[in-house]
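Chemist: Each chain, written out:
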Amino acid sequence: MKPAPFDWHAPDSVAEALALKAQHGEAARFLAGGQSLVPAMNFRVSQPAVLVDLNRVGLEAIEAGTDGSLTIGAMARYVAIERHAGAAGSHPILTEALREVAHPQIRNRGTLGGNLSHADPASEMPAVMLALNARLRLRSARGMREVAAADFFVGPLTTALAADEMLEAIHLPALPARTGTAWLEIARRRGDYAMMGVAAVISRDAAGRCIGARIACCSAGPTPMAAPLAAAALVGTMLSDADLDAAAEAVRKEVAPTGSVQASPAYQRHLAGVIAQRALLMARERAA
Amino acid sequence: METRQIGRPVTRNEDPRLLTGRALFVDDVELPGLLHAAFLRSPHARARILSIDTAAAKARAGVVAVITAEDLGDYWQPGPLLVPPPPIKGMTFRQRCQVPLAKGEVRHVGEPVVMVVAESRYVAEDAVGDIEVEYEALPPVIALEAALSPESPRVHADLPDNIAAEVRQTKGDYAAARAKAAHIIRRRFTYDRGASNPMETRGIVADWDHKAEKLTVWDTTQAPVFIRNGLAAMLGLSERQVRVVAPFIGGGFGPKMMMFYPEEVLVPWIALRLDRPVKWIEDRLEHFCATTQERSQIHEAELALDGAGKILGVRDAFLMDTGAYNPYGLTVPLNSQCTLLNCYDVPAYDSTFRAIYTNRTLVTPYRGAGRQHGIFVMERLLDAAARELGLDRAEIRRRNLIPASAFPYHNEVIYQDFAPLTYDSGNYAPILDKALDAIGHAGFAAEKAAARAEGRHLGLGIVCYVEGTGIGPYEGARVRVQASGKVTMATGVGTQGQGHFTAFAQVVAEQLGVDVRDVEVTTGDTDVFDWGAGTFASRGAVVTGSAAHGAAVEVRAKILRTAAEHFECAEADLVVEGGAVSLAGVPEKRITLGALAGLANPMRGAVKPGTVPGLEATSYFGPQMGATAAGAHAMVIEVDPRTMQIRVLRYVVVHDCGTVLNPLILAGQVQGGVAQGIGNAFFEQLAWTEDGQLLNASLADYLLPTALDVPRMDVLHTETPSPLNPLGTKGAGEGGAIPVGALYAQAIEDALDLPARGIEIAEIPLSPSRLWEICNPSA
Amino acid sequence: MTRPLQVTIRINGSDYTREVEPRLLLSDFIRHEAGLTGTHVGCEHGVCGACTIRLDGAPVRSCLVFAVQAQGHDVRTVESLGEPGSLSVLQQAFRDAHGLQCGYCTPGILMTVSAFLEENADPSEEAVRHALSGNLCRCTGYQGIVDAVLLAARRMRGA
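Line by line, the protein sequences give chains W, Y and X. Each residue of the first sequence is one higher than the one before, counting from 1 in the working numbering. Each residue of the second sequence is one higher than the one before, counting from 1001 in the working numbering. Each residue of the third sequence is one higher than the one before, counting from 2001 in the working numbering.
Next comes chain W alone, as it looks inside the complex (with noise of 0.2 Å):
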């Protein structure tokens, strides 16, 4: 399994990859950390004549706001993101689901970007991004644009992305005080695509009652797929066992799964149930 020939430029500015990128269009791609493209190319799968490597051009710093908001590089590898202590510190379940991810020798090439670029709905990124209301930064030779991540992801392997345009960074909102959040999967070996995966973030006012909620899976549909009804519903409520029970009930009746190899689309309609629940637990008590 040997990939099909291609040209290869490796520029060491963004400027200089977008402008080979609005150049060579469609026969083009970004070679990011390469972990999921190479494999395609290897299968030939994926024939890039083309390939623009985004190695050289930086794009890799986190930086944490000061207030409790994350911007990721595109380039940032999960290994920095994941030893991040600013992100661990804000964004826990970036930490939680990352460790999730493939294997270490994976996460110490894959790139956040790369990986929400390529859009797999099976991936736990994308989920993560919906569930913490990502703000995705795209740049072309034609300037800059903003978009959540809920419009990013546009349909399987497809996102908002133009021809010319690549992902710059990620930007996190902060989580608002008493936030719990957690990620769960369920995979058939640790580091494999989930059969089903669920991000629950929940936040409660002094009181205890729940002000917010938001609630994304992976593996559940054609895009990473959010479970809207089941978070508003979750709202208002003091998140009782029985609130909890009846929202996760609501993310097995919002997904969309579409099956697998490994698992039959009623048996991760049933998983995501019963992950939402547990992961729903987790997050209520970390919001204590």
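Accuracy of the hints is not assured; some may be wrong.
Stated by the list, open to error - Computed Cβ-Cβ distance ranges for the label pairs, DEER-style: (1) Y:Gln1693 - W:Pro156: 17 to 27 Å; (2) W:Asp151 - X:Leu2005: 31 to 41 Å; (3) W:Ala49 - X:Asn2120: 35 to 45 Å; (4) W:Ala150 - Y:Glu1447: 43 to 53 Å; (5) Y:Leu1159 - W:Pro156: 41 to 51 Å.
Said to hold, decoys possible - Residues of chain X placed beyond 10 Å of chain W at every Cβ, according to the derived structure: (6) Thr2008; (7) Gly2013; (8) Gly2035; (9) Glu2079; (10) Arg2095.
Quick caveat, the hints were computed from the structure, so don't treat them as lab data. Cβ coordinates follow ideal geometry from the N, Cα and C atoms, glycine included.
Following the hints, complete the assembly by docking chains Y and X onto the known chain W.
Modeler: Frame of chain W, contents of chains Y and X only:
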């Protein structure tokens, strides 16, 4: 014997090379001018080839040859029948062996159609993409039962149907047994396909030296002597002109046997024609469709018992998927048929199997080689019977074990070694007791109840198995003491990680009184030793080990004779120890083996009539029949009843393979076997579409167990020596893998109290998803 | 065929300069250009871990990196660990604990574990199993490998 070497946990002689990246594997062979082959393979399970256009491929820079079936001329021949079936009365056997390149029709996805040879593998793959083949897709034969329908398409149009073989074997009178039975248990069982997936795929390098007129072939084969002899015949060369080297092989597990795979016969042929060395290394995608697989069977089985739970007889009829061709004859279904009888006293048996051609990858033995199917059927039947009779699972097994006094025990049906199946030796009750004790069977009911009170679902499994091992025909070994005092031992088998360089060295060192590190073992090089069969069927330690023992005994006799002449003493007064021979009680009368080797290689004038030079001997060993090992596995699992995730809390293996040569290596064989069994039971299943496409042809989607999926296991032994060989040993390569499916099924039923819910597990492989479907049939 | 590029890659402290196509995988460069065949290839899609090497110290799959990308970076392979006559502590532990059978996956496992032990001097069995979960072994059932890693850690700690 002065120093015991057999039975010691000697660390391995081969490890330093492997640990430092210095060991030679086939893909490590680099030669000047080396070319690389790639194959265009059928994308269809069944199709007619209408046309092949290779013009663009031939025109591509760097391409040296593009070969279709037409280009092969007389070299295009179906492969040999590797293992002819034993003569069983009334049997049907229709042989159809694989062809080097498809001609006219393709019969499974991945069947090679065109070979490309180019300056690099990259360019060869580019050229494969240039080839245009026009196919007319035909409806394929995939499902076993549908393949029997008169309306079914036929895999081989010249055969009347898709039946490759039909064999009935009986013992006693099953009808009579059934007539007097108090209980009849009848069930249907299915067992689906898996792939061996050694970490090293297949590969071959062929180099024709036109000055020496000699072809050297490096091949990932378990049976280099067969391949050498076969290639010489096919290529019209003398056996002397062909050297096959099976260097370090990255795992074999059966499918790397003497298969004469298409690539294996094409690469040497093209190297000769081009007069340039050619390499082909299978990639993982190819491995999933082009390397043989195993396992699809459907059984309809019936167990007749008396009121006390004693087996009166078994009837079984099963279908077995043999894939598109059947070069390996009946080895797999015969193993299933014979091994079903397990370690129990079964007075009456009536078993019929039909092997079915399908448009899927070929089926040949893969670790266990059909044995696990038989064990699965018998163990599942006994579990159902235990429930019906209100007996404990262990108790019904105990009541039916063949008693120690009954050996040799005759099962009468013909085994894969052509002999009526006879268990040479065994003592099964202590195995079961030891396993029950080690897993905590006596206290488990309380443990389970306590866990359940906390909402945790624990289950226990306990199953028994036998493993037919150490079959013929024969192996040989040559042992020689060098002038340096170091010893060489050579044999014809290939080695794929079994520790041959150590275990055989121990057998030799024990006789010659040398350090195990001073015995240099050569396997898998036909220029060094070229008699024998190969490494398969758990036979290396038994057959080659016994040959090595025989050769070492002869060399020891020569050592004593030579030393007795030298010291002018009686042989009985000599001590062979520490790489030297000395006169007992007279330590200054001592001569090293190296010096003795010099004396045994006489100079001019010292030669007497009848002198045979050297401290060397060659010996062969052929067992009269296979030796039967046995064992029991037990485990305790925890199942999450909502997600169907399984955690193994404890795992115990009790194994009896006779004399243990090296407990370290043996434990590794058992543990590795269990890991493959776990993969087979709960992780690995090849998923096919109805039109014969494989959906999970990658290691991301076909799930080999990881370090987190295989539990720590306790490996315990009993030792009942085999009377069939001088070492008293039996094979152990496959035992670990054999009973695991049955074990999982039983433990899961126990953990989830499935029988109480009217649910039984009658299939392997399982998965959380499948388990959830079984438990929620209406969902 | 795309334009070949000249690339210099430092492997185990030596520089290897070759003209290569951009598509040449780093695993192929190491094995067939540099001739360091200890690094094995098992799947070429980043799952089996046999080709694991250390790139600037970090274990990565060499089948998922193009050789041209390694220009200016430091590559370490199994050949850097020890010699047959002088095994490293880690290698010796693998021999003593029977942590290998066919030995094909072993180089990748050693490169993964060598990095793991630098950061985890006293790991639990569970942690070791997690660290190994990205390297497939088909022979051993992992028990010997796990024992070897724990043994190596103990010896490195001088315990």
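Chemist: For each hint, tell me whether it holds in the structure or not.
Modeler: Checked hints:
Distance hint check for Gln1693 (chain Y) and Pro156 (chain W): the Cβ-Cβ separation is about 20 Å, which falls inside the suggested range of 17 to 27 Å. Checked against the hint of 31 to 41 Å, the C-beta distance between Asp151 (chain W) and Leu2005 (chain X) comes to roughly 39 Å, which is consistent with it. Between Ala49 (chain W) and Asn2120 (chain X) the beta carbons are some 44 Å apart, a value that agrees with the proposed interval 35 to 45 Å. A beta carbon spacing of about 49 Å between Ala150 (chain W) and Glu1447 (chain Y) agrees with the range 43 to 53 Å that was offered as a hint.
Restraint check, Leu1159 (chain Y) to Pro156 (chain W): a C-beta distance of roughly 44 Å satisfies the suggested window 41 to 51 Å. Every Cβ of chain W is farther than 10 Å from the Cβ of Thr2008 (chain X); the closest lies at roughly 14 Å, confirming the non-interface assignment. Chain W leaves Gly2013 (chain X) outside its interface by the beta-carbon criterion, the shortest separation being 21 Å against a cut-off of 10 Å. Distance check for Gly2035 (chain X) against chain W: the nearest CB is about 19 Å away, which clears 10 Å, and the non-interface claim stands.
No Cβ of chain W comes within 10 Å of the Cβ of Glu2079 (chain X); the nearest lies about 19 Å off, and the non-interface call holds. The Cβ of Arg2095 (chain X) lies farther than 10 Å from every Cβ of chain W, with a closest approach of about 24 Å, so its non-interface assignment holds.
Going down the numbered hints, you'll see the structure goes against none, and every one checks out.
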